[in-house]
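*Asks:* Protein chains in written order, with full-length UniProt numbering: chain A, 1 to 465; chain B, 1 to 465.
Be aware that one or more of the hints could be misleading.
Unchecked claim - DSSO-like, lysine-lysine: derived pairs with alpha carbons at most 30 Å apart: (1) A:Lys391 / B:Lys420; (2) B:Lys391 / A:Lys145; (3) B:Lys177 / A:Lys391; (4) A:Lys391 / B:Lys145; (5) A:Lys174 / B:Lys289; (6) A:Lys177 / B:Lys174; (7) A:Lys174 / B:Lys420; (8) A:Lys84 / A:Lys74.
Unchecked claim - Stretches of chain A that chain B covers, calculated by requiring three or more beta carbons in the stretch to come under 8 Å of a beta carbon on chain B: (9) 107-119; (10) 166-179; (11) 367-376.
What the hints assert, rightly or not - With beta-carbon atoms standing in for the labels, derived distance ranges: (12) A:Arg364 / B:Lys59: 38 to 46 Å; (13) A:Asp141 / B:Asp221: 47 to 55 Å; (14) A:Leu124 / B:Asp264: 27 to 35 Å; (15) A:Asp365 / B:Asn162: 39 to 47 Å; (16) A:Asp365 / B:Glu171: 39 to 47 Å; (17) A:Asp141 / B:Glu150: 52 to 60 Å; (18) A:Arg409 / B:Asn162: 28 to 36 Å; (19) B:Glu150 / A:Arg352: 21 to 29 Å; (20) A:Asp291 / B:Glu215: 52 to 60 Å; (21) A:Ala290 / B:Ser296: 41 to 49 Å; (22) A:Asp141 / B:Phe404: 35 to 43 Å; (23) B:Ser296 / A:Arg364: 39 to 47 Å; (24) B:Asp142 / A:Arg426: 37 to 45 Å; (25) B:Asp142 / A:Thr152: 26 to 34 Å.
Hints listed in this document are in silico derivations from the structure and should not be mistaken for laboratory results. Predicted, not measured: the structure shown is a model, and the values here were computed from it. Every residue gets a Cβ at the ideal spot worked out from N, C-alpha and C, and that includes glycine.
There are 2 protein chains.
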Amino acid sequence: MASMATLFVKTPSPSPSFPKTFNTHFSPALKLSIPLASKPRTRQRLRISNALIEPDGGKLVELFVEESKKGEKKREAASLPRIKLSRIDLQWVHVISEGWSSPLRGFMRESEFLQTLHFNSLRLDDGSVVNMSVPIVLAIDDAQKRLIGESTRVALVDSDNNLIAILKDIEIYKHHKEERIARTWGTTAPGLPYVDQAITNAGNWLIGGDLEVIEPIKYHDGLDRFRLSPAELREEFTRRNADAVFAFQLRNPVHNGHALLMTDTRRRLLEMGYKNPILLLHPLGGYTKADDVPLSWRMKQHEKVLEDGVLDPETTVVSIFPSPMHYAGPTEVQWHAKARINAGANFYIVGRDPAGMGHPIEKRDLYDADHGKKVLSMAPGLERLNILPFKVAAYDKSQGKMAFFDPSRSQDFLFISGTKMRTLARNKENPPEGFMCPNGWKVLVDYYDSLVPADNGKVPEAVPV
Amino acid sequence: MASMATLFVKTPSPSPSFPKTFNTHFSPALKLSIPLASKPRTRQRLRISNALIEPDGGKLVELFVEESKKGEKKREAASLPRIKLSRIDLQWVHVISEGWSSPLRGFMRESEFLQTLHFNSLRLDDGSVVNMSVPIVLAIDDAQKRLIGESTRVALVDSDNNLIAILKDIEIYKHHKEERIARTWGTTAPGLPYVDQAITNAGNWLIGGDLEVIEPIKYHDGLDRFRLSPAELREEFTRRNADAVFAFQLRNPVHNGHALLMTDTRRRLLEMGYKNPILLLHPLGGYTKADDVPLSWRMKQHEKVLEDGVLDPETTVVSIFPSPMHYAGPTEVQWHAKARINAGANFYIVGRDPAGMGHPIEKRDLYDADHGKKVLSMAPGLERLNILPFKVAAYDKSQGKMAFFDPSRSQDFLFISGTKMRTLARNKENPPEGFMCPNGWKVLVDYYDSLVPADNGKVPEAVPV
Chain A
1 MASMATLFVK TPSPSPSFPK TFNTHFSPAL KLSIPLASKP RTRQRLRISN
51 ALIEPDGGKL VELFVEESKK GEKKREAASL PRIKLSRIDL QWVHVISEGW
101 SSPLRGFMRE SEFLQTLHFN SLRLDDGSVV NMSVPIVLAI DDAQKRLIGE
151 STRVALVDSD NNLIAILKDI EIYKHHKEER IARTWGTTAP GLPYVDQAIT
201 NAGNWLIGGD LEVIEPIKYH DGLDRFRLSP AELREEFTRR NADAVFAFQL
251 RNPVHNGHAL LMTDTRRRLL EMGYKNPILL LHPLGGYTKA DDVPLSWRMK
301 QHEKVLEDGV LDPETTVVSI FPSPMHYAGP TEVQWHAKAR INAGANFYIV
351 GRDPAGMGHP IEKRDLYDAD HGKKVLSMAP GLERLNILPF KVAAYDKSQG
401 KMAFFDPSRS QDFLFISGTK MRTLARNKEN PPEGFMCPNG WKVLVDYYDS
451 LVPADNGKVP EAVPV
Chain B
1 MASMATLFVK TPSPSPSFPK TFNTHFSPAL KLSIPLASKP RTRQRLRISN
51 ALIEPDGGKL VELFVEESKK GEKKREAASL PRIKLSRIDL QWVHVISEGW
101 SSPLRGFMRE SEFLQTLHFN SLRLDDGSVV NMSVPIVLAI DDAQKRLIGE
151 STRVALVDSD NNLIAILKDI EIYKHHKEER IARTWGTTAP GLPYVDQAIT
201 NAGNWLIGGD LEVIEPIKYH DGLDRFRLSP AELREEFTRR NADAVFAFQL
251 RNPVHNGHAL LMTDTRRRLL EMGYKNPILL LHPLGGYTKA DDVPLSWRMK
301 QHEKVLEDGV LDPETTVVSI FPSPMHYAGP TEVQWHAKAR INAGANFYIV
351 GRDPAGMGHP IEKRDLYDAD HGKKVLSMAP GLERLNILPF KVAAYDKSQG
401 KMAFFDPSRS QDFLFISGTK MRTLARNKEN PPEGFMCPNG WKVLVDYYDS
451 LVPADNGKVP EAVPV
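This is chain A alone, in the form it adopts within the complex:
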């Protein structure tokens, strides 16, 4: 495995003419819990700084209907066959419509689906290759297929029958579920969360096409203002005069080991000559499995981490990544990285066993802990991205804080797994001092406290979305 030092050199030195300016304050990132007056987000053409990495395909895709055409589109949709979207489908519409999956312009047609399954990448018309490792597809059943008949477009509606989008130039093809699962997860074992949630009972057909989305997707959960689109993130990074953006994907509470890693990454980027590296702290906000801490609690926890000064709000942007979680390890980590290129990140921090989980039926991890970073470093279409492998942080008993693991004095270190962390918080026990900021830890304890114990006395898992 290439060391962090050798991987850093993949990026040319930043332009010395890029001025270091005062970092303006990004209020949503700092004051997460303070509701701001709801301000309608406008989607205008953005000035994209030359300093930011180019989106995949050269141009950030945004698929919203122009204001002046909304009436016409709504009238058109009224006469089209309707497909009702599940909550996860809606999250994918969100992802596609804002350009996280640029240059994808809609749900995958078969050619894109096959390239994703077999090559984890798409070849564009100009012969260039972009990464695309998880299928972004929409399933329909036999009855829906019959309903669509010969129509070349369909209306997509939410669970309340509100119009979300039109899918045009559609292509309907077989949903080979077993093959999709095997090639995406490297297993077909029963119990994969995303499979149980979104594939097993889904229809036997997939429908691809180009999206025309009526309105930006909103969830009305008090967190919409943190859901910055790639264009908005690029605007923010540009406004801050970022000359490097390093992304940290997470779906767990932030402990001081994570924080150490992020601050150390910033230190290294400064050492390399970057003047203003900005951290994108980017919790995943779509579907997660039942025993993950829900997004709303994680956001509260992240807020405390910033309030307590563990991370510096001046150089950190906290935003929500709208994608659902596959738990597909080395396959999914490519998606996580690729989407952040589109949001302007040119450095990506990757840890041990990214997007991994336990094997659903065997007593082992589903993926080799090192495969994620290895696959990521070799993935087609991600050559432009600087991969920063995670150094292992653990609790250093001799210093009473989280520190990078030093194998020469391994007896000084304590590894606190996610399972251990959850068990402590559930039992209202405290972790060793210095593991997590106290206010952040309190959020976790409060979360588990909020769960009503089941009749059998066991602490229940949270319910899935």
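We have chain A already, so just place chain B on it with the hints.
*Replies:* Coordinates of chain B only, in the frame set by chain A:
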């Protein structure tokens, strides 16, 4: 799907200065059954014609120890830990050593294994990409791993302990079998022939490294003289002044539908301006499943097809492709095509459901019949190869011969499946006249006749190698 016509235009027109010369007779191809005086094959540096497609990686890999160094290598091997090769392992040594898998220089290390599983391709040091879709790996068990200890090289021996090769600069890594199977086959259902034969009971480790092969691999089955290496095939195509080489992979008897397709392909190539297109009729010679017709019988059948004039020996080279068969459909067809690039083919004929089979436990085909040609047409590293999708041939009752299916008069056509063909031959029934040349059919009948019926009266399956 692009039509054949559009796919043809991928190749630049042949040089008009390339002279049409008299095609010399290639005796092994014509007189398959006549034993030739055994002539030791010499492996010399070949003149590669500019008209032939370049091997993957720019240079054809050959991994044989120079004559002058054999003694030294044998002495060295005597002191090394020994790994005994299975018959399939030996077939892979054959494949790698002759450069079918160029630029691979040995069994895959983990980086190559991961790229194969996730991307079906390998990135070379110069940034270019070659196709590589099936893992070419060597499994060892815990005891063998212990035996190897800290050694950086091992000796590979056959079942009789004859030295085959040295594997050097070795790397040992985990054999994640479930993941390998899922990502290669798109299923983990029990009963996949190659999995049962070569993976399920194989060791839990894989050993990669560079091969030094002592002697070209021989099987002493009377067919070695038909096993031309890529270098020998290139020499033959050059000698014949081929300006196009079109490969036809097969593991079944040739019927007149196949023959029609091959002669029609040649006609089209001539129409395009090629002066001397040569057919590489290239039966797979490694491991095949129990109910496939064994290689020796297939070679007898192919001989009759040439003797009966169904295919023209003047423009046909029959040779054996030494690879084992995976039955991995769209994944494997890429391997079949890529290996033929290395042998000099710049056109590849692909049929319905290439390398496919029935699902081992469900009543359906394992793969979508169209996915093979679609995946092949999009596969990274195969852009240089002209993919020729198979037109469907069927028995035309109105003409009493095999013809391209005409949907406007579908009632005139009879589809004779492989299963139907085998059933007829087993029962010593004749297919419709014109389905296969009579002497070729007789070989098939003789083959099934040679099988001893089982006690239950059923015709048994042939035994696997």
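*Asks:* Now tell me if each hint is right for this structure.
*Replies:* Here's how the hints hold up against the structure:
| no. | hint | verdict |
| --- | --- | --- |
| 1 | A:Lys391 / B:Lys420 | violated (60 Å) |
| 2 | B:Lys391 / A:Lys145 | holds (29 Å) |
| 3 | B:Lys177 / A:Lys391 | holds (28 Å) |
| 4 | A:Lys391 / B:Lys145 | holds (29 Å) |
| 5 | A:Lys174 / B:Lys289 | holds (28 Å) |
| 6 | A:Lys177 / B:Lys174 | holds (28 Å) |
| 7 | A:Lys174 / B:Lys420 | holds (27 Å) |
| 8 | A:Lys84 / A:Lys74 | holds (16 Å) |
| 9 | 107-119 | holds (count 7) |
| 10 | 166-179 | holds (count 4) |
| 11 | 367-376 | holds (count 5) |
| 12 | A:Arg364 / B:Lys59: 38 to 46 Å | holds (42 Å) |
| 13 | A:Asp141 / B:Asp221: 47 to 55 Å | holds (53 Å) |
| 14 | A:Leu124 / B:Asp264: 27 to 35 Å | holds (33 Å) |
| 15 | A:Asp365 / B:Asn162: 39 to 47 Å | holds (41 Å) |
| 16 | A:Asp365 / B:Glu171: 39 to 47 Å | violated (21 Å) |
| 17 | A:Asp141 / B:Glu150: 52 to 60 Å | holds (58 Å) |
| 18 | A:Arg409 / B:Asn162: 28 to 36 Å | violated (51 Å) |
| 19 | B:Glu150 / A:Arg352: 21 to 29 Å | holds (27 Å) |
| 20 | A:Asp291 / B:Glu215: 52 to 60 Å | holds (58 Å) |
| 21 | A:Ala290 / B:Ser296: 41 to 49 Å | violated (58 Å) |
| 22 | A:Asp141 / B:Phe404: 35 to 43 Å | holds (36 Å) |
| 23 | B:Ser296 / A:Arg364: 39 to 47 Å | holds (44 Å) |
| 24 | B:Asp142 / A:Arg426: 37 to 45 Å | holds (39 Å) |
| 25 | B:Asp142 / A:Thr152: 26 to 34 Å | violated (59 Å) |
Going down the numbered hints, you'll see the structure goes against 1, 16, 18, 21 and 25, while the others check out.
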